[in-house]
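Since the structure of chain A is already known, use the hints to place chain B on it.
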Amino acid sequence: MRRRLLCAAADLALIAYFVFALFPVAWMVVLSLKPTNELFSTYFSFTPTLDSYRTVLGAGDDQGVPFLRFFVNSLVVSLGAVALSLVIGLPAAYAAARWRFRGSENLMFTLLSFRFAPELTVIIPLFVLYQQLGLFDSYVGMVWVLQLVTLPLIVWIMRSYFSDLSPELEQAALLDGYTRKQAFFRVALPLVKPGIAAVSLLAFIFAWNNFVFPLILTSSNAQTVTVGALSFLGGDRPKYNLTAAAALVSVVPPLLLALTIQRYLVRGLSFGAVKS
Amino acid sequence: MTELALRALRKTYTGRGRAAVEAVRSIDVELSSGELLGLLGPSGCGKSTTLRMIAGLETVTGGDILIGGSSVVALPARQRNIGVAFENYALYPPLTVAENLGFGLAARGGCGRAEIRRRVAEMAERIGITGLLDARPAGLSSGQKQRVALARALIRVPDVLLLDEPLSHLDAAQRDTTRRELKRIQRDSGHTAILVTHDQEEALSLADRIAVMRDGEIQQLGAPEEIYDSPANLFVADFVGEPAINLLPGTADGPGGVRLSDSVRVPVPHRIPAGRAVVLGIRPEDLCLDDTGARARVTAHEPLLESGIATLSLDGVAKPLVVVTGPEVRLDRGDTVRITADPQHIHVFDAQTGDALR
Chain A
1 MRRRLLCAAA
11 DLALIAYFVF
21 ALFPVAWMVV
31 LSLKPTNELF
41 STYFSFTPTL
51 DSYRTVLGAG
61 DDQGVPFLRF
71 FVNSLVVSLG
81 AVALSLVIGL
91 PAAYAAARWR
101 FRGSENLMFT
111 LLSFRFAPEL
121 TVIIPLFVLY
131 QQLGLFDSYV
141 GMVWVLQLVT
151 LPLIVWIMRS
161 YFSDLSPELE
171 QAALLDGYTR
181 KQAFFRVALP
191 LVKPGIAAVS
201 LLAFIFAWNN
211 FVFPLILTSS
221 NAQTVTVGAL
231 SFLGGDRPKY
241 NLTAAAALVS
251 VVPPLLLALT
261 IQRYLVRGLS
271 FGAVKS
Chain B
277 MTELALRALR
287 KTYTGRGRAA
297 VEAVRSIDVE
307 LSSGELLGLL
317 GPSGCGKSTT
327 LRMIAGLETV
337 TGGDILIGGS
347 SVVALPARQR
357 NIGVAFENYA
367 LYPPLTVAEN
377 LGFGLAARGG
387 CGRAEIRRRV
397 AEMAERIGIT
407 GLLDARPAGL
417 SSGQKQRVAL
427 ARALIRVPDV
437 LLLDEPLSHL
447 DAAQRDTTRR
457 ELKRIQRDSG
467 HTAILVTHDQ
477 EEALSLADRI
487 AVMRDGEIQQ
497 LGAPEEIYDS
507 PANLFVADFV
517 GEPAINLLPG
527 TADGPGGVRL
537 SDSVRVPVPH
547 RIPAGRAVVL
557 GIRPEDLCLD
567 DTGARARVTA
577 HEPLLESGIA
587 TLSLDGVAKP
597 LVVVTGPEVR
607 LDRGDTVRIT
617 ADPQHIHVFD
627 AQTGDALR
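Residue numbers (our numbering), protein chains in the order written: chain A, 1 to 276; chain B, 277 to 634.
Everything labelled a hint here was simulated from the structure, so no lab data went into it. Just so it is clear, CB atoms sit at the ideal spot from N, CA and C, and this is done for glycine as well. Take these hints with a grain of salt, some might be off.
What the hints assert, rightly or not - Computed footprint of chain B on chain A, listed as stretches where at least three residues anywhere in the stretch have a Cβ under 8 angstroms from a Cβ of chain B:
no. : region
1   : 156 to 170
2   : 176 to 188
Unchecked claim - Derived CB-CB ranges, DEER-like:
no. : chain 1 : residue 1 : chain 2 : residue 2 : range
3   : B       : 634       : A       : 106       : 52 to 62 angstroms
4   : B       : 320       : A       : 103       : 22 to 32 angstroms
5   : A       : 101       : B       : 347       : 25 to 35 angstroms
6   : B       : 579       : A       : 182       : 56 to 66 angstroms
7   : A       : 106       : B       : 594       : 52 to 62 angstroms
8   : B       : 347       : A       : 106       : 34 to 44 angstroms
Only chain A is shown next, with the shape it has when bound in the complex (with noise of 0.2 angstroms):
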C-alpha cells in the first residue's frame, strides 16, 4: 500500500515537471495559432488559425520577411559545417585516440576551449575581419565560423569511440595486408558508425540553434532561421504569433533527423560502455 503510494506520488510529480517543461513549448504552439488580432487578449479564447504558417511559409502575406530562404540557409550551413567537421574531425579524433605527440593533449585542449569560450568575446574582431576577407554575409564564411561550435564537440567525442576500440583491430589488419590508411577506413571508421551518427546529429543542432554568429555575422544572403524569425518581431508591431511558428517551423529538421538516426543514437550512446 505504502510502495503504491509512493509510486503515485513519483508518477505524479513526474507529470507535474513534464507540463512545467513542456509548457513554453505549448505556449508558443497557442501563440503560433492566434490570430494577430487576438494576440494580446488575455482570456483563453480565441479563434484558431493557420494564417501564421501560412504567413512564415510564404503563402500568405511574407511581411517582406523571407523566412523559408532563411530556413534553407540553415539547411546549408549547418549541413555544410557538420559535413566539414567530420572530414577534418574524423582522421584528427582517430589520431588523437592513437597517438600521443608532442603538445597533443594543448591541441585537444585548446580545441575544447572554443566551446567553453563564449562566442561574444571573439565577435567584435571575427566581424571586422569577415568584412575584410569579403566573407560576411556568405555560405562560407558561417560554414567556416561553425567550425568553433561543431569540431570540437566531433573531435572529443568521436575520439572517446576511437579510443574504446581495440588497437589490435587495427594491427590485425595492417599484418593481413592493409596499409595505415586503408586500416582507418575500413577497419576502424566502420565499427564507429554509430557514434559519428550520433556526434552529428549533435554537432547539427548544435549549428543549427546557434544564434551569436549568423546575428553579427549575416545580413541578408546567409541569414539563418535562429535570427529570421526575429525579423517578425521589427516594424510596427511585433507579430509574436509569426515568431513562434517561424520556431516551431524550424525545429522540424533537428527533430526529423533525430527520428531518422533514433535506432543509432541509442547504439551510439551506448557504445562503449559494455567491454567485451
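Using the frame of chain A, we list chain B on its own:
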C-alpha cells in the same frame, strides 16, 4: 618453412623530459624452422615489445630481425608475412567467423571469392571450427575465439607465427584442451613460432625452447627441462616452478657443505670456498620426508588430492620450507619431521650476483 633470428635486438622508449626506458636491451635468439620458442617472463619484462617488433607493429631501436635469412626491419608489417594471434583475439565484431578468416586473404588480393571460400573451409576443418563459420565473434566462447584467432593467423600461411598469451583468457578446462590443440596445430603446420606468456605452465608444455626474460634481457635460454633442472640464476629458479623453489640463504663451510644455521648443514656436491655467502635452491618436490634428515617442525599442511603441500620450519632458519608430500601423508601443526634432499638436486647460487654455481 622458415627460420627466424633476432640479432642484438633493442628497443628504447624516449619520452620528453623523462628518462629513456630500455624495454628490450639486447636479444639474441635463433629459431630453427618449425621451432616453437617460448618467451617467458613477468609483465614488463619486454616480451610483448619483442613480439611487436618482430610483427612490425613497433619500431626497432637497434639490432636486426631476420626471417629466412633476410632482414625485415625496414619492412612495414603488411610485407613481413607474419601471423599473430592476439591476446584479446582482435576479431572483427561485425563480420562472421568465415568473413573474419577471409578478411586477410581479401586484403592481399590475388585470391578470388571461390578460392577464399575454399581456403576458409579448409582452415576451419583443420582447426575444428567448421560449425562456427556463420557465427559472429560476440556469440563465441573464449576458447572458440582463440581458435578462430589462430585460424585467422594461419590462413595466410605466414612465415612466422606469433602467439601472444594465447591461453590467458581461458578457464582451466578450456586451457588444457586448447593447449593440446595449439601444440598439434603448430606441429602439423610446421610453422616457426614464438609464444609470449607469463604463465610458466603454458611455456613449459608448449615450447621447444624457452627464453626466460627479465628487464628486457634474456636470463636463460634452453629446453624446458634445462630451465627447470638447472636454472642459470636466482630469478629463473624463482620464476619457474610451482610451488616456488625454496631459496635459503647460507654460508659455505668448506667444500661440499653449506650451513643454513648453527644446527642445519646441507651437503652439496659443489666445491665452494668456505665462508662464501650463497643461496640454496631446493624445489619442494625434491625434498622428502624420511628418518635421517634435518629436524623440522610442521607449521601447516594442505592435503590435496594427488599430493600435499607442507610448510616446515627448520631450526634457526628464518625462511619457511615448502615440501611436496605424498597423498597418504597426514601432518598436524606442531609435528616434528625429518627431511632430506638429494644433493644432486640442490642448486647453489652466489648470494651477491645471483648466478648459479656449478
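### Message
25 to 35 angstroms was suggested as the range; check whether the CB atoms of residue 101 (chain A) and residue 347 (chain B) agree with it.
### Response
holds (28 angstroms)
### Task
Could you tell me whether the CB distance from residue 320 (chain B) to residue 103 (chain A) stays inside 22 to 32 angstroms?
About 28 angstroms separates the Cβ atoms of residue 320 (chain B) and residue 103 (chain A), which means 22 to 32 angstroms holds.
#### Entry: CB-CB spacing for residue 106 (chain A) and residue 347 (chain B) relative to the 34 to 44 angstroms hint
holds (39 angstroms)
### Task
Given the hint of 56 to 66 angstroms, check if residue 579 (chain B) and residue 182 (chain A) actually sit that far apart at their C-beta atoms.
holds (59 angstroms)
### Query
When you take the CB atoms of residue 106 (chain A) and residue 594 (chain B), is the distance between them in 52 to 62 angstroms?
holds (54 angstroms)
### Task
Closer than 8 angstroms, Cβ to Cβ, for at least three residues: run that test on the region 156 to 170 of chain A against chain B and report holds or violated.
holds (count 3)
### Task
Confirm or reject the coverage of the region 176 to 188 of chain A by chain B under the rule of 3 or more residues with a beta carbon closer than 8 angstroms to the chain's beta carbons.
holds (count 6)
### Message
Please check whether residue 634 (chain B) and residue 106 (chain A) have a Cβ separation lying inside 52 to 62 angstroms.
### Response
holds (57 angstroms)
When held up to the earlier numbered hints, the structure conflicts with none and fits them all.
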